[in-house]
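Number of protein chains: 2
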Amino acid sequence: MLIVGTVSNPATIEQPVNQIHTAAEARLAMRRGEWTGTTTHQLPGCVQANLVVLPAAEAFEFLVFCQRNPRSCPVIEVTDVGDPEPRFSAPGADLRTDLPRYAVYRRGELVEELTDIRHLWRPDSVGFLIGSSLTFDHPLERAGVPRSQVWVLNTTIPAKPAGRFSGPVVVTMRWMTPAQAVIATQLTTRFPANHGAPVHLGDPALIGADLEHPLYGPPVKRIPPEVLPVFWACGVTPQRVALAAKIEFMITHASGYGFVTDLKADEFCLP
Amino acid sequence: MLIVGTVSNPATIEQPVNQIHTAAEARLAMRRGEWTGTTTHQLPGCVQANLVVLPAAEAFEFLVFCQRNPRSCPVIEVTDVGDPEPRFSAPGADLRTDLPRYAVYRRGELVEELTDIRHLWRPDSVGFLIGSSLTFDHPLERAGVPRSQVWVLNTTIPAKPAGRFSGPVVVTMRWMTPAQAVIATQLTTRFPANHGAPVHLGDPALIGADLEHPLYGPPVKRIPPEVLPVFWACGVTPQRVALAAKIEFMITHASGYGFVTDLKADEFCLP
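Chains as they are written, first to last, in numbering that gives the first Met the number 0: chain Y, 0 to 270; chain B, 0 to 270.
Because the hints were derived from the structure by calculation, they are not lab data. Just so it is clear, the structure is predicted and the values come from calculations on it, not from any experiment. You may find that some hints are simply not true.
[As the list claims (entries may be wrong)] Derived pair list, reagent style BS3-like, types lysine-lysine, alpha-carbon separation capped at 30 Å:
#	chain 1	residue 1	chain 2	residue 2
1	B	159	Y	263
2	Y	159	B	263
3	B	245	B	159
4	Y	159	Y	245
5	B	159	Y	159
Put together the whole structure using the sequences plus the hints.
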């Protein structure tokens, strides 16, 4: 049986995955090449994470960048240098095989997408698992805030720089009623490791978000008067910042193909 | 005028400090050598921090240790390598002069206490500011939880190790009524950068805390039946872990002589 939440586009699941009830089973299916589709809205209740793999020489400065920008870059785990096992959030997992798809960058340019990066993992590789707002979609639904279109938008809010890492904060935008925005603010406050509370409510222009040119999602001409846009810092921020720094070698999850941890969203409240 | 909260032991303030209304003024008085006393319960409302200064070679592993143990080691700021200015939490401040007293350790041994460390700061020095539970004493008082004796206790809870950094979680213990413990849990949840919510309520034996041999505070033979002990992770944890690792060279604040940031406790809610 395929365990799913509401799947908006089942066509993105390339293969049926049987008997998957836990995050560990999902990761094993990905490792075997049996799960090659998206993780978006799969395994509801499990904390999902974005992946960034960097050489150790860049790792301290990148971790300082994350520390300075906890809403954009909530760090769930940093692996030991050279060790592909995230032993606190997913003991036994292997970051080289247990995601459905990876993106490989050299000097800030995408060079390939792969389903296995064992041959690219180096003795100095460090994996960063960064919280994803996907994690709170399911709790929001249960609290009466239905899932809706999500936009990803650039802003003019500068992230706090650290060394060569700098750039604007990227946000996700969701629309909801003002009453739902209150619930969403209360609820996501409990998920600091998944971007936490909103960074902005209301007028996109106040944070320099250009709705006619989103990074993801359809262009918006006019916000309906009955909704309030709610903006969360987005895990795309550290990825774009690392790309802009033209790091010699970087691997990330491919967009929509995240890492599923053993952590339970409802329990994972920091600190 | 000296701005103080309730000072339990005014004798620890060696010199009267006039005209101090802000954190910046306090730091300047410390820099000039006019403020040489404790910071405990001074400048209520300002976020206070513990200081750890390490060589850059140890900084990444120590920051990973902090990331893995956010309740014991909530990082308020990491300075750029070699830069003594914590430019986000106290722009213009100088970590080499703006604390009243420092402790200098070599290979895990205390070698001296100083009021100025300019001559010891190195091009590879990195300053870590780590949240302190002192910050929430004042908000607790305003919420109806009176200040009381604080004990510092070792436990048998292992911190999550990172490389050479490992050891048990150290906690602070406060006694209060059960109703106050509920308020304290609610309120400190809002201060994740200052150890956040309690790690334990009730029986000290369940976390291996030995009340007859506290690290700080009077030995306790028997807990009065009308109170509930409440335990928070303590910033002494990272300091003891770094000492146990016998780091070649480390500087910390001297106990009770912390760093006063410009951050306001009531506003500083992460993330």
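> Keeping to a limit of 30 Å between CA atoms, is the pair of residue 159(Y) and residue 245(Y) held or broken?
Replying inline: Cα-Cα ~18 Å, so holds.
> Is it true that the CA of residue 245(B) sits at most 30 Å from the CA of residue 159(B)?
Replying inline: 18 Å, holds
>> For a C-alpha distance cap of 30 Å, please report whether residue 159(B) and residue 159(Y) respect it.
In response: Roughly 28 Å separates the two Cα atoms, so the pair holds.
> Is residue 159(Y) within 30 Å of residue 263(B), Cα to Cα?
Replying inline: OK: residue 159(Y) and residue 263(B) at ~19 Å, within 30 Å.
> Within 30 Å, alpha carbon to alpha carbon, are residue 159(B) and residue 263(Y)?
Replying inline: 19 Å, holds
Checked against the numbered hints listed earlier, the structure breaks none of them; every hint is satisfied.
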